[in-house]
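S.K.: Take a look at the letters that make up each chain.
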Amino acid sequence: MTTVPARIDLDTAYPRVQRFYAAQMQLLDGRDIRGYADTFTEDAEFAHTPDRTPARTREGIVEDLTDFHRRFADDPMQRRHFVNMIDLRQADGGGLRATAYCLVVKVRPGEPPVFVSCVMHDLLVEEADGRLLTRSRRVEYD
Amino acid sequence: MTTVPARIDLDTAYPRVQRFYAAQMQLLDGRDIRGYADTFTEDAEFAHTPDRTPARTREGIVEDLTDFHRRFADDPMQRRHFVNMIDLRQADGGGLRATAYCLVVKVRPGEPPVFVSCVMHDLLVEEADGRLLTRSRRVEYD
Amino acid sequence: MTTVPARIDLDTAYPRVQRFYAAQMQLLDGRDIRGYADTFTEDAEFAHTPDRTPARTREGIVEDLTDFHRRFADDPMQRRHFVNMIDLRQADGGGLRATAYCLVVKVRPGEPPVFVSCVMHDLLVEEADGRLLTRSRRVEYD
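Residue numbers (the working numbering), protein chains in the order written: chain A, 1 to 142; chain B, 143 to 284; chain C, 285 to 426.
There could be a bad hint or two in this list.
With a straight-line cut-off of 27 Å between C-alpha atoms, the simulated DSSO-like cross-links for lysine-lysine are [what the hints assert, rightly or not]:
#, chain 1, residue 1, chain 2, residue 2
1, C, 390, B, 248
2, A, 106, B, 248
3, C, 390, A, 106
Cβ-Cβ distance ranges computed for the label pairs, FRET-style [as the list claims (entries may be wrong)]:
#, chain 1, residue 1, chain 2, residue 2, range
4, A, 67, B, 217, 39 to 47 Å
5, B, 252, A, 121, 35 to 43 Å
6, C, 378, A, 138, 40 to 48 Å
These are computed hints drawn from the structure, not numbers from a lab. Ideal Cβ placement from N, Cα and C applies to all residues, glycine included.
Kindly produce the complete structure, drawing on both the sequences and the hints.
M.R.: This is the structure we're talking about:
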């Protein structure tokens, strides 16, 4: 590449990234799979579960999550993804590298919540219209 | 209304909203009911528990929470409200709509923490002096 | 003191503080004790455990944490420090006072996570090069 990617001021970008994650995860937790997929780029890659082939493209993410969510179809479980401790850096070639903790809370009626702790490794990019999108996400579980 | 409410830049407002929630919840968790009520507008409405009539006005919030906290009077419990994943939007007619996750942690000596997961639906408004206040809050439990 | 410390705009500083905590805690959770100690000032004081003498200076923090982490040497535990609800204020004499909740999640293979709830009382200062550092930290446990 001969072009120099524009540097993004990380402190200015930080609240945007937080707002982006808030909206993105509320879509996921609300089981709006299409809405969630639309927060990824068209050419995105999303590796959310070890030993499962990463989903690619928005359509691929929709198919993959529709399949993945079948296991929850009869499960009265509410998931909540708490993303926090976002370490934000300039990415080589443009965009933002975010390494963030995610505490997943699973709530079923009358039962104590169940927790899963993971780390998200994201590449975020800015669209021409200023929107943030996830270009790639890899989730590691503790 | 014939006046057009000023639009608030959401990315700029985001850290203010986070600071506001931090201070507000630390007052609540410190059982400073008066201080907590003063983070609401004078005409506020606060629905914190299903099947309980919402509290109205600051004085009403003080009375309601004083009554509600009686159940904790002999309970050596420390509550911590972790507000996170704040989805922030312009509200129709001015102000900010915040839809946020709240993980309530209840700690008693020598016992593992107990968790409650809920979602807060807030309308926040800016006072003439620039302070944020909660005009309405509705809490839904998972 | 006859000099008047520069006031820091708290809303502008807030994302910087959040980024700082994210990077700092990821170092700690990654057991990079030297990297973690370098996020403190050279003359820092760090009181992380009741009834344990506070660590002083970066070198002292390295020694103290190396000693403290020995108990985890054979423990396949991953810790995650979730810092949230950061109440940020101007400190007398310059710098920033941060009072924040910290939920520590301890994950061991095949076991449900264990949680510890604490409150961090920090004094943060800005270096000449613009970096934030912790000058003092006192941790209280619920």
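S.K.: Please list, smallest to largest, the hint numbers that this structure does not respect.
M.R.: none
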